[in-house]
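Q: The chain contents come next:
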Amino acid sequence: MNYQRLGFKAGIEIHQQLESHKLFCSCPSLVNDPNPTTNIIKRKLRAVEGETKEIDKAAKYERKKDKWVIYEAKKTSSCLVELDEDPPHNINEDALETALQVALLLKAKIVDKIQFMRKTIIDGSVTSGFQRTGLIATNGEIETSKGKVRIPTIMLEEEAAKKIKETPTEIVYSLDRLGVPLIEITTDASLKDPEHVKETASILGMILRSTERVKRGIGTIRQDVNINIRTHPRVEIKGFQDLRSMPKVIEKEVKRQIKDKRKTTPHVRKANPDFSTTFLRPMSTSARLYPETDIRTIEITPAMLKKIKIPELLTERAIKLEKGFKLSSQLANELVPKQKFFKFLVKKLPKTDPRFIAKVLVEYPKEIKSRYNLKVLDKHVEEILSYFDSKKITRDAVFEALLEISKNKKIDINKYKVVSKEKLEKEIKEIVNKYKHLRFNAIMGEVMKRFRGKINGREAASLINKYMK
Amino acid sequence: MTKHSVLDTIEVITSSEKYKGIVMPSKDKKYIFLKLNSGYNIGIKKTKIKKVKIIKKYKKEKTITRKLKIHKNLPTIALLHTGGTFASKVDYITGGVIARFTPEEIVAMFPELEKIANIKSEFISNMLSEDMCFKDYIKIVKEIEKQYKKGVKGIIITHGTDTLHYTSAALSFMLKKCPIPVILVGAQRSSDRGSSDAAMNLTCAALFIAKTDYTGVAICMHETINDTFSIILPGTKARKLHSSRRDAFKVVNDTPIAKINYMTKQITLFKPIISIKNGLEIKPKMEEKVAILKVHPNMSEKQFLFYKNYKGLIIEGTGLGHAPVGTKEHIKILNAIKKLVKAGCIVAISTQTIFGKVNLNVYSNGIKLLEAGVVPCEDMTTETAFIKLSWLLANYPKDKIKDLMVTNLKGEINERLQPSGI
Numbered sequence: 001m002n003y004q005r006l007g008f009k010a011g012i013e014i015h016q017q018l019e020s021h022k023l024f025c026s027c028p029s030l031v032n033d034p035n036p037t038t039n040i041i042k043r044k045l046r047a048v049e050g051e052t053k054e055i056d057k058a059a060k061y062e063r064k065k066d067k068w069v070i071y072e073a074k075k076t077s078s079c080l081v082e083l084d085e086d087p088p089h090n091i092n093e094d095a096l097e098t099a100l101q102v103a104l105l106l107k108a109k110i111v112d113k114i115q116f117m118r119k120t121i122i123d124g125s126v127t128s129g130f131q132r133t134g135l136i137a138t139n140g141e142i143e144t145s146k147g148k149v150r151i152p153t154i155m156l157e158e159e160a161a162k163k164i165k166e167t168p169t170e171i172v173y174s175l176d177r178l179g180v181p182l183i184e185i186t187t188d189a190s191l192k193d194p195e196h197v198k199e200t201a202s203i204l205g206m207i208l209r210s211t212e213r214v215k216r217g218i219g220t221i222r223q224d225v226n227i228n229i230r231t232h233p234r235v236e237i238k239g240f241q242d243l244r245s246m247p248k249v250i251e252k253e254v255k256r257q258i259k260d261k262r263k264t265t266p267h268v269r270k271a272n273p274d275f276s277t278t279f280l281r282p283m284s285t286s287a288r289l290y291p292e293t294d295i296r297t298i299e300i301t302p303a304m305l306k307k308i309k310i311p312e313l314l315t316e317r318a319i320k321l322e323k324g325f326k327l328s329s330q331l332a333n334e335l336v337p338k339q340k341f342f343k344f345l346v347k348k349l350p351k352t353d354p355r356f357i358a359k360v361l362v363e364y365p366k367e368i369k370s371r372y373n374l375k376v377l378d379k380h381v382e383e384i385l386s387y388f389d390s391k392k393i394t395r396d397a398v399f400e401a402l403l404e405i406s407k408n409k410k411i412d413i414n415k416y417k418v419v420s421k422e423k424l425e426k427e428i429k430e431i432v433n434k435y436k437h438l439r440f441n442a443i444m445g446e447v448m449k450r451f452r453g454k455i456n457g458r459e460a461a462s463l464i465n466k467y468m469k
Numbered sequence: 001m002t003k004h005s006v007l008d009t010i011e012v013i014t015s016s017e018k019y020k021g022i023v024m025p026s027k028d029k030k031y032i033f034l035k036l037n038s039g040y041n042i043g044i045k046k047t048k049i050k051k052v053k054i055i056k057k058y059k060k061e062k063t064i065t066r067k068l069k070i071h072k073n074l075p076t077i078a079l080l081h082t083g084g085t086f087a088s089k090v091d092y093i094t095g096g097v098i099a100r101f102t103p104e105e106i107v108a109m110f111p112e113l114e115k116i117a118n119i120k121s122e123f124i125s126n127m128l129s130e131d132m133c134f135k136d137y138i139k140i141v142k143e144i145e146k147q148y149k150k151g152v153k154g155i156i157i158t159h160g161t162d163t164l165h166y167t168s169a170a171l172s173f174m175l176k177k178c179p180i181p182v183i184l185v186g187a188q189r190s191s192d193r194g195s196s197d198a199a200m201n202l203t204c205a206a207l208f209i210a211k212t213d214y215t216g217v218a219i220c221m222h223e224t225i226n227d228t229f230s231i232i233l234p235g236t237k238a239r240k241l242h243s244s245r246r247d248a249f250k251v252v253n254d255t256p257i258a259k260i261n262y263m264t265k266q267i268t269l270f271k272p273i274i275s276i277k278n279g280l281e282i283k284p285k286m287e288e289k290v291a292i293l294k295v296h297p298n299m300s301e302k303q304f305l306f307y308k309n310y311k312g313l314i315i316e317g318t319g320l321g322h323a324p325v326g327t328k329e330h331i332k333i334l335n336a337i338k339k340l341v342k343a344g345c346i347v348a349i350s351t352q353t354i355f356g357k358v359n360l361n362v363y364s365n366g367i368k369l370l371e372a373g374v375v376p377c378e379d380m381t382t383e384t385a386f387i388k389l390s391w392l393l394a395n396y397p398k399d400k401i402k403d404l405m406v407t408n409l410k411g412e413i414n415e416r417l418q419p420s421g422i
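Taken in sequence, the protein lines are chains Z and V. The opening residue of the first sequence carries number 1 in the numbering used here; numbering runs sequentially from there. The opening residue of the second sequence carries number 1 in the numbering used here; numbering runs sequentially from there.
Please keep in mind that the hints were generated in silico from the structure rather than gathered at the bench. Note that CB positions come from ideal geometry on N, CA and C, so glycine has one too. Watch out, some of these pointers could steer you wrong.
As the list claims (entries may be wrong) - Example chain V residues on the side facing chain Z (calculated, C-beta under 10 Å, incomplete):
{"no.": "1", "residue": "Ser26"}
{"no.": "2", "residue": "Ser195"}
{"no.": "3", "residue": "Ser196"}
As the list claims (entries may be wrong) - Derived, one-sided and incomplete: chain V residues facing chain Z with beta-carbon distance under 8 Å:
{"no.": "4", "residue": "Asn41"}
{"no.": "5", "residue": "Ser244"}
{"no.": "6", "residue": "Arg246"}
Just need the whole structure built from these sequences, with the hints factored in.
A: Shown next, in the form of structure tokens:
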């Protein structure tokens, strides 16, 4: 498809949950709180007049449904603030700092004073009827393979509650997720094609993870993509399963739009697992923000900014590892999350080649996971590599030993112990004598059967050769 | 720098950035607050600004409001606005919360009211309720009298919640004979937000007025933190018992009057309604020199003697109505109280336990207070006792006041306390 000819324009909005307590209260950010529900609250939300003296379109749509909103609260993850029964407390300084870090990584201009706003949301997903959101920085940028992408805004805001179910008469939300700090990053509409959207999302994700203060796992980062082709109004797509599905969904949506000759208005669509999209709701008008008067404005002074450490990007860290330890770039990339542990092991095990440590740290656990569905613990890696470093086991035995300890949580290291040179020589002499009539390969096979993992193959071969003569 | 004013669209150029937006009103002298195109507000430090360009001067637009129809089959309710977050509405342009007062504006905000009654409205004040004084109560009473003469079925007073129970007690006494319902309504969440409790409280108050024969002063607020029921509380027996919850108002030492199902509109009465027919009688005077003193550990007699020129003092005692008058060093406090009484100050004691009745006969400290001439406030809340004493002092001869203080006039004393509210 020729996206340029279609007048294709796209922009991304990324929402990333932060690994910290909630933004405006001290509740822990238990996004999926396993504890029992302690309170069930029943509410009606009203559409309120918006800025344009008109009830916000999206709000009106929700009001038409006029359902009860039920909130399930767990005392382990929510308090009166989430229930909209207590004004917001002071801002989570840790989350603010992370947002400032991200802003700096994105080369954005941090505002002098942050004013938190109330963004009207009336679908029930926020108990107050609005989401608290503050503009932290403007006008950042990132480099992509297809040129610079501008980042007009970086926001810090509250996560909404999780919808559990909806019936004709009520919508049920769980409050554990409400109030979890979120960073929202928006790009301009300069993304050129579906692959470019994916690349940009991936870079932004990497930058966020570089802070090491973001939540990881399914649902902790969400990408909304706004796309627009010349002949059709703007559409926002939410709910991508993963980055890989992004180009496919966008491509399918563009194709759908080209076929659709009806007159449509801007709206929000949901991405489905089969890469298609379905209508979700009309797009809300942009003008629905007003100041959150319960939170005082926050001054960002140069002194505050000076104290903020700008983390090194994950990509930069990978390059350093690659160069510093002569690793392949793929291995270096995969090693980044375990970088600290890797460096610790390199220091602790001076006789072991760092490249081997990297391999054992990254590749062995992957293989053990895929072949045996076992998780390899760091402490086990450390234990096995220590045996290797002190020459108690051979390089060939490391994998087997790691597998055994992962399986049984303990290990009898004697099984893998290196056979002494004298013993090995004696035994090889016996084997060669016993199988005099056999050829080298067969004798080697016999030797390896006895000593797999306990001897160095090359050494054994030279001994066999010595006695075969 | 070009002169710009609030609501103008401007472009601000700083040493590092360029921002375009609408100038927001702000009390912060060091910053300009701009509403950007995105809807977000930001503060820009004035010392950083290189240049300001005015892009568009603000021009006020005329607002068109539709005229309300009068429905002959519906009763008329007068809405008196005194303040609080009740009739507040966001001005999205400035971001400020502005109060709305005209009937048209109120019905536009709460359209469900139109089906219940014809709404009239009157602006009395727009203040935070903690700023209220006795003179404000008098204004309200005068307005109620005016509306009564115009023949309204009932009155709703929108009020800040902090001192709402003081006002409800004051109106209960000042409207000595009240043949119409006067319902005070508050909101714990301002009406600019989707989760506001204002609409439900207001609607339920209007329903209660329209559908029952209740006369007198009462409060209408959320029963629980759910939007399911509103509760009608007696004007002299209610108190704000939580700083922020929707169901902050609870009945104290009594039964609520009724509750209203927000969805079905069904009204459940908890006690029979006694209606007063015809003839509003008001006694709107209040004595200014009355105060409350809360008992706490480590008190000195000076704290009591401070009130020697007062006409009345409510001591909010501990437990059954106690003050520190038991030990040798506390004899000074007892003497100070005696001095106040001798100087003509009516000294009465309530309890800081909130629930339960004062009884000065049980412990020796109580007996000492009784003998010093302290009046027990029975099961009245401190707030109601304070208002009642101020009202009695302004309207009755001095020798009657002690007796009237312990006589139930407006439901403020309940002689038969029950183990549960309802």
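Q: Each hint needs a verdict: does it hold in this structure or not?
A: Consistency of the hints with the structure:
no.: 1; hint: Ser26; in the structure: 9 Å, holds
no.: 2; hint: Ser195; in the structure: 4 Å, holds
no.: 3; hint: Ser196; in the structure: 7 Å, holds
no.: 4; hint: Asn41; in the structure: 4 Å, holds
no.: 5; hint: Ser244; in the structure: 5 Å, holds
no.: 6; hint: Arg246; in the structure: 7 Å, holds
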